[in-house]
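Visitor: If you're matching them up, the sequences are chains L and C in order. Quick note on my numbering: the first sequence kicks off at 633 and runs consecutively. Quick note on my numbering: the second sequence kicks off at -15 and runs consecutively.
To be clear, the hints were calculated from the coordinates, so they are not data collected in a lab. Since we're looking at a predicted model, the values are computed, not measured. Warning: the hint list may mix true and false statements.
Unchecked claim - Keeping only pairs whose Cα atoms sit at most 27 angstroms apart, straight-line, the calculated DSS-like set for lysine-lysine is: (1) 972/L <-> 30/C; (2) 30/C <-> 970/L; (3) 740/L <-> 820/L.
Listed below are the residues making up each chain.
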Amino acid sequence: MLKPEEMTRAVVVGSMDSLDATIECLYEQGILHLIDFTTPDVDFKIGQPLSKASADSQKLLKLRSMMRVLGIEEHKPKEKMTVSAIDKRLEQALVTLDLNTTTKNEAKQKIQSLIREKEAEIRALYPFASFGIAIEDYDSYDNVTCLTGICRRDPSDALTSKIREIEIFTEVRKSDVSVAVFVKNELKPEALKILSDREFQEVKLPKLTGDPKKIISANQEQISDLKMDLRRIETDLEKVRKQFADFIISSEEHLSIEVMKEETPLRIAATENTFVMDGWVPRSRFHEIQKTLNQRCGVHVFVEAIATEKDDEPPTRLMNSKLIRPFELFINMGSTPKYKEIDPTVMLFITFPLFFGLMIGDLGFGMALFLAGLAVRLKMKGSQVMKNFGTIVMAGGLMASIFGLFVFAEAFGVPFHPPPLSADEYSWESVAYIPIHPMIEKMENVNELLAISMLAGWAHLTVGLVFGFFNTIHHSLKHAIGKFGWLLMLLGLFEETMVIAGNATITSEFINSTLFFAFPTDFAMDFAGIELSIPALVFIIVGVVVLLATEGGFALTELTGIFTNLISYARLAAIAVGKGGMALAFNTMLFPMMFNGWDTAGEIVISILGAVLLVVAQLFFVFFLGALSAGIQAIRLNYVEFFLKFFEGGGTEFSPLTYERKYSVITTE
Amino acid sequence: MAVPDVGTGLALVGAGIAIGVAGLGAGIAQGQIGAAAVGATAEDPKMFVRSMIFTVLPETIVILGFVVAFFLYGLA
Chain L
633 MLKPEEMTRA
643 VVVGSMDSLD
653 ATIECLYEQG
663 ILHLIDFTTP
673 DVDFKIGQPL
683 SKASADSQKL
693 LKLRSMMRVL
703 GIEEHKPKEK
713 MTVSAIDKRL
723 EQALVTLDLN
733 TTTKNEAKQK
743 IQSLIREKEA
753 EIRALYPFAS
763 FGIAIEDYDS
773 YDNVTCLTGI
783 CRRDPSDALT
793 SKIREIEIFT
803 EVRKSDVSVA
813 VFVKNELKPE
823 ALKILSDREF
833 QEVKLPKLTG
843 DPKKIISANQ
853 EQISDLKMDL
863 RRIETDLEKV
873 RKQFADFIIS
883 SEEHLSIEVM
893 KEETPLRIAA
903 TENTFVMDGW
913 VPRSRFHEIQ
923 KTLNQRCGVH
933 VFVEAIATEK
943 DDEPPTRLMN
953 SKLIRPFELF
963 INMGSTPKYK
973 EIDPTVMLFI
983 TFPLFFGLMI
993 GDLGFGMALF
1003 LAGLAVRLKM
1013 KGSQVMKNFG
1023 TIVMAGGLMA
1033 SIFGLFVFAE
1043 AFGVPFHPPP
1053 LSADEYSWES
1063 VAYIPIHPMI
1073 EKMENVNELL
1083 AISMLAGWAH
1093 LTVGLVFGFF
1103 NTIHHSLKHA
1113 IGKFGWLLML
1123 LGLFEETMVI
1133 AGNATITSEF
1143 INSTLFFAFP
1153 TDFAMDFAGI
1163 ELSIPALVFI
1173 IVGVVVLLAT
1183 EGGFALTELT
1193 GIFTNLISYA
1203 RLAAIAVGKG
1213 GMALAFNTML
1223 FPMMFNGWDT
1233 AGEIVISILG
1243 AVLLVVAQLF
1253 FVFFLGALSA
1263 GIQAIRLNYV
1273 EFFLKFFEGG
1283 GTEFSPLTYE
1293 RKYSVITTE
Chain C
-15 MAVPDVGTGL
-5 ALVGAGIAIG
5 VAGLGAGIAQ
15 GQIGAAAVGA
25 TAEDPKMFVR
35 SMIFTVLPET
45 IVILGFVVAF
55 FLYGLA
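Use the sequences and the hints to build the structure in full.
Guide: If you want it as structure tokens, here you go:
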């Protein structure tokens, strides 16, 4: 549970003739994590792909380009196709598909570009169609220039007043004016200046001849013809899609697997007649690989377990029970633990829902989250990540419901009973009397929540430091003992917070009389108005001495670190109270609006409006934002405060030679 | 409600300033780090945890602000 699966270094050696069979056999078993061979020398070269690799990857390329052409990348076949059926049909199907899709696709692209061209011509000619000037007449003069374009405002008056010899055509349109101005070459700059004052944008006319109106209508006819052709091609492609989509996806999967297998030799060492594969196998399954290879390849292939060397880095395969496994998601989001490191998944399984539950602490929202998590789990069957995420939300929701029911006694931000200090607050008593009273009044007993947060922080960090001790003991006893220094300091700081809290909270009273029973709280001195516990001070000083002896003086710069780490858990209380306060605020504002009466039409409208506002506010601000911030804080306490005490990461994930068939299946005949 | 004396009031204002200004400072720092962290995570999702650790570094300031505010609140 706390340790990854044990690995054995395995070397597979065999004659080249049995390479195919060996690769096939290893992929089927899926337990060998291959170490890539990257250092060829005189004796060993990097292996060559199997003979079929090049032909198969060409076919694969073709299939993938067809998938793009037909737009079926996301298509999911309903039935699995047998590998033998794929092999039988593939050659012929590729030829048929080539004829039907590649040529049709080329035609389709040509037509599309033609349509675009014609449409661009129409766009360019349209503003000038009403002028009745043939296109060639716009620019066939030696001494006269024609400016064609669009202006924001009509420039005719300005132009005629400034320039005498000029001919202007304009048409006022919805938001602008189309203009064609014929002017002597030498007057062009002046005309341009007047035009650009009216935000003139030049439009270049296409190189065509004839009446724009006629060209436009001819183009329109052509476009509608082309579109008809396009539809015909689309129908043909649709037919191909219907007929071949399943086949293409299934065979793409099959060929990908084949190519992956055929290219495996590129990752191993080979001589002319032999090959050597080096890798890791889970220790418990080593004999399986030996037995199967023996059966399948006989004397030509030999497997041996070799002793691991000191700086070997075996891959990490986390081993957790089914219940805990979804929480590996949090580990996978960061870095894989090293092989020798402690796998903290089980702590995440315990602390994440607890922290989350404490922060949300509401029966209604907790149940809603539980259901939301369940929905994600059921809906997102395809994605393991989303399934795990759903399970985590379910666990958090469940814990939040338990906290909401027994500890805080509230649902949807409304307490079961009005809190003692504000007896007129809205509560579920007006609906039903629920015989559960809160252990902690969320809005009134903040100190209690803070003390609980400190306790949670101390326990969490202590486990982290203990993990750290076991992680470091492998390579340095000195640093491992350093963790004791931190532990002592943490204990001192925790005791100090509990002494300051004194008898003000039940938690601190309990801790002082149990964990710290040997150190009476009055054994303290006054320091700048703060009660300073002498035993706590002793713990801290001893801790500092241990640190100085093991980690050196530099570690002292981290002194405030452990303090802020502990206080950082106050966010548990802060978010619980903050969320509760937000819900209370919306309820106090909107309940009176909702219950103002149902007699007149106006009252009914206001009541409905109040109800809608309440639902929206509670849903977005309290439920979504609350769940988001509680989730982030719960995971952050783990990643930052907890993980940094022990976690190194940077391990290699165990990824054995294997494949997964979703749309194809091997049948033994 | 009894009117508190000026000293109490000043202590409470001090507590407010302690946490408020500390929060502001941490916010400014965290904003810049956060922007960079989001960029890094977008390029490589495995950077998520490391980005998060960098992003929350300035929170120490608020935590210390909170402690000061807490003690001032106790004095009031």
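Visitor: List, from low to high, the hint numbers that the structure doesn't satisfy.
Guide: 3
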